[in-house]
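Protein chains in written order, with my numbering: chain G, 8 to 356; chain Z, 987 to 1166; chain H, 82 to 213.
Hint data in this document are derived by calculation from the structure and do not stem from the laboratory. Heads up, a few of these hints could be off.
Unchecked claim - If you want a taste of the chain G side facing chain H, the calculated C-beta under 7 Å gives, among others:
1) D55
2) T60
3) T63
4) K90
5) P91
6) A104
7) G106
8) D261
9) D326
The model shown is predicted, which means the values in this text are computed figures rather than measured ones. Every residue gets a Cβ at the ideal spot worked out from N, C-alpha and C, and that includes glycine.
Okay, here's what each chain looks like letter by letter:
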Amino acid sequence: MKAGIVSWGAYIPKYRIRTEDIAATWGDDPARIVDIYLVYEKSVEGYDEDAVTIATEAARRALRRGAVDPKRIGAVYSGTESKPYAVKPISSILIDALGLANNVFAVDMEFACKAASDGIVAIAGLVESGRVEYGLAVGTDTSQGEPGEHLDYSASSGGVAYVIGRDGVAAEFETIYTYNSDTPDFWRREGSPYPMHGEGFTGEPAYFRHVVGAAKGLMERHGYKVSDFAYAVFHQPNGRFPMRAASMLGFPPDKVKPGIVVTHIGNTYNASALMGLARVLEQAKPGDKILLVTFGSGAGSNAFVLNVTDAVLERQKADVPKVDEMIADKIYIDYAMYLKNRKMVKLFE
Amino acid sequence: MLDSELVSDPLRLYDVGPMADGAAAAILCGRKGVAKVLGMWSSANAVPFNARQDYDVLYSAREAAERAYRMAGITPRDVATAEVHDSYSILGVLAAEALGLAPRGGLLASLRGGSEVRANLSGGLKSRGNVMGATGVYQAVEVVWQLVGRGPFKRVDGSIGVIHSMGGVDATSTVVVLGL
Amino acid sequence: MEHESVPLYWRNIPSYYRLAARRCRKCGEVYYPPVVKCPRCGSSELEDFQLPHEGELVEFTVLRSVPTDYMKQKPLVIGLVKLGPVKVLGQIVDAAPEKLKAGQRMEVVFRRVVVDGKYGLVMYGYKFRPRP
Chain G
8 MKAGIVSWGA YIPKYRIRTE DIAATWGDDP ARIVDIYLVY EKSVEGYDED AVTIATEAAR
68 RALRRGAVDP KRIGAVYSGT ESKPYAVKPI SSILIDALGL ANNVFAVDME FACKAASDGI
128 VAIAGLVESG RVEYGLAVGT DTSQGEPGEH LDYSASSGGV AYVIGRDGVA AEFETIYTYN
188 SDTPDFWRRE GSPYPMHGEG FTGEPAYFRH VVGAAKGLME RHGYKVSDFA YAVFHQPNGR
248 FPMRAASMLG FPPDKVKPGI VVTHIGNTYN ASALMGLARV LEQAKPGDKI LLVTFGSGAG
308 SNAFVLNVTD AVLERQKADV PKVDEMIADK IYIDYAMYLK NRKMVKLFE
Chain Z
987 MLDSELVSDP LRLYDVGPMA DGAAAAILCG RKGVAKVLGM WSSANAVPFN ARQDYDVLYS
1047 AREAAERAYR MAGITPRDVA TAEVHDSYSI LGVLAAEALG LAPRGGLLAS LRGGSEVRAN
1107 LSGGLKSRGN VMGATGVYQA VEVVWQLVGR GPFKRVDGSI GVIHSMGGVD ATSTVVVLGL
Chain H
82 MEHESVPLYW RNIPSYYRLA ARRCRKCGEV YYPPVVKCPR CGSSELEDFQ LPHEGELVEF
142 TVLRSVPTDY MKQKPLVIGL VKLGPVKVLG QIVDAAPEKL KAGQRMEVVF RRVVVDGKYG
202 LVMYGYKFRP RP
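All chains, please: the whole structure from these sequences, using the hints.
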């Protein structure tokens, strides 16, 4: 049997800031900003949260949902671009926070927002080769955006974790395809607090070329049609991009909207498309096919076809917070508290 | 005091004994002196704070007091004055109760009812100041002065005084019974 | 207040990160923080015992005067939470203190506890928050 998603867990910090409150601080027209990005509010980590704590929460929920024994996890790969340490892995902290065995492959991966999905690819390989029984792929970010600039309206915080295995699969990986190139759309140099955007590169040459390229490549090579899929989930840096990618591929909006979470929590980077997938898995039926396309600047996309199995019903019943419940469970903060929680106020620590 | 700032709800700034500098000295000897050590005991409460069943009893103080009283052959009724460890206002109340000067949970009610509880005539750690390591000897000196009526204290009505010193919140307590 | 050293933090990782307690094999008593000898029966035979991730708020207080490591997190809410057989003392987060009530359901969360300046270690551990 092929590898697949055995279980999943997501974590969205409770704090939210409204787009209008950010716009009011920087003198932007909130209606125009919402119209550009379709992001009404975004999640903000607590003062004592970071990519490690968010990863831990998501991973604990994933283990709990599938009642997976932590000692049977053979690999933990974390995808992030907001490591609290320049050198010291998140994945090794996860070993002890989750109570994993020491005989576990552990590494942090970086490819902008795509790394977590590369963790899934790598673990699927380890599982299918029989080297590990289960693996844990984590996407976690407290992503950076310069105050007052475009990313301030979307860069947010959240995490997801997927237990990958062959036993108890709730959504099997039927096919995986990838599309990568050197594209200077977005980067952050060592020591720089905020990323930069290459002029005009964000949309066509970066996001759409890679997302659509990966999806098209996968569908053409393996003979899939749009009608084969119940859902399509895309990386979502804002609310507009995934809808447009869907229309370029011929997907009707109702197959895409269930996987859109960016409008109410912002872009959680490595957890972005994978958070959308978690929401879809929480409502999918056995037999549904899901197209998942992630994206990372730099740039590249991984496309997956998932086949939902009967086991999904059992996982949906687990006593673990659903994505929708976390979206609704929120505490609004103002821009000053936002800066404090994100450590964007300079302090003599 | 009720207007002072909150430190740890419901304790306010003036519920907390301020750190103070101080030193005290007493000479202990086998010959007749100004006061006698009639009894003393130290007790520890090994149960950590989080695992306790009750939070309104200082068990270490209660046991140390019972043993020290037995050694001295006295009962709480014989105590004319006591200096207890009130690094926070509530600890003074609990310590006085642990020493048997009022029933458990009854000290504040009996004060409100007009009864006299002769504890911490010095002001205690809370008002005289918390002199940390010097506290126990400080208390002994103060109790002796109260028994003999040396200023600034007036002589108390009786010949038995008790001191109670504590480490942590009910981690360890020492009780000493002094008599003329 | 000086926070604890890196070696001490490292030794306490199982108890700080995932509430690993100890249970006496002889009398069954559970201890958190873990102990090496049972204070109740004196036995040295203790085994690992995993505390549950949810419990009940026993009591709490709001610290407005806080140790220096927590100066930027005022006010600190500290509470006792009953987790299975034991009560555990810890910080409560993601909650307005005026909305907390003794007896309510709490969940264990994993958070930063002490950050040693700009270049030092980030020390993680458990905290509590109301269960949604």
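Quick rundown of the hints versus the structure:
For the restraint placing D55(G) at the interface with chain H, the shortest Cβ-Cβ distance is roughly 4 Å, inside the 7 Å limit, so the hint holds. Nearest Cβ of chain H to the Cβ of T60(G): about 5 Å, under the 7 Å cut. The hint holds. Restraint check, T63(G) versus chain H: the minimum CB separation of about 4 Å is within 7 Å; hint holds. The closest approach between the C-beta of K90(G) and any C-beta of chain H is roughly 11 Å, which is over the 7 Å cut-off, so the hint fails.
Using the Cβ-Cβ criterion of 7 Å, the hint placing P91(G) at the interface with chain H is satisfied: the shortest such distance is roughly 5 Å. Because the smallest distance between the Cβ of A104(G) and any Cβ of chain H comes to about 5 Å, under 7 Å, the interface hint for this residue holds. For G106(G), the suggested interface contact is upheld, since its CB lies about 5 Å from the closest CB of chain H, less than 7 Å. For D261(G), the suggested interface contact is broken, since its CB lies about 29 Å from the closest CB of chain H, more than 7 Å.
The restraint placing D326(G) at the interface with chain H is violated, with a minimum CB-CB distance near 10 Å, outside the 7 Å limit.
Violated hints, listed in ascending order, are 4, 8 and 9; each of the other numbered hints is respected by the structure.
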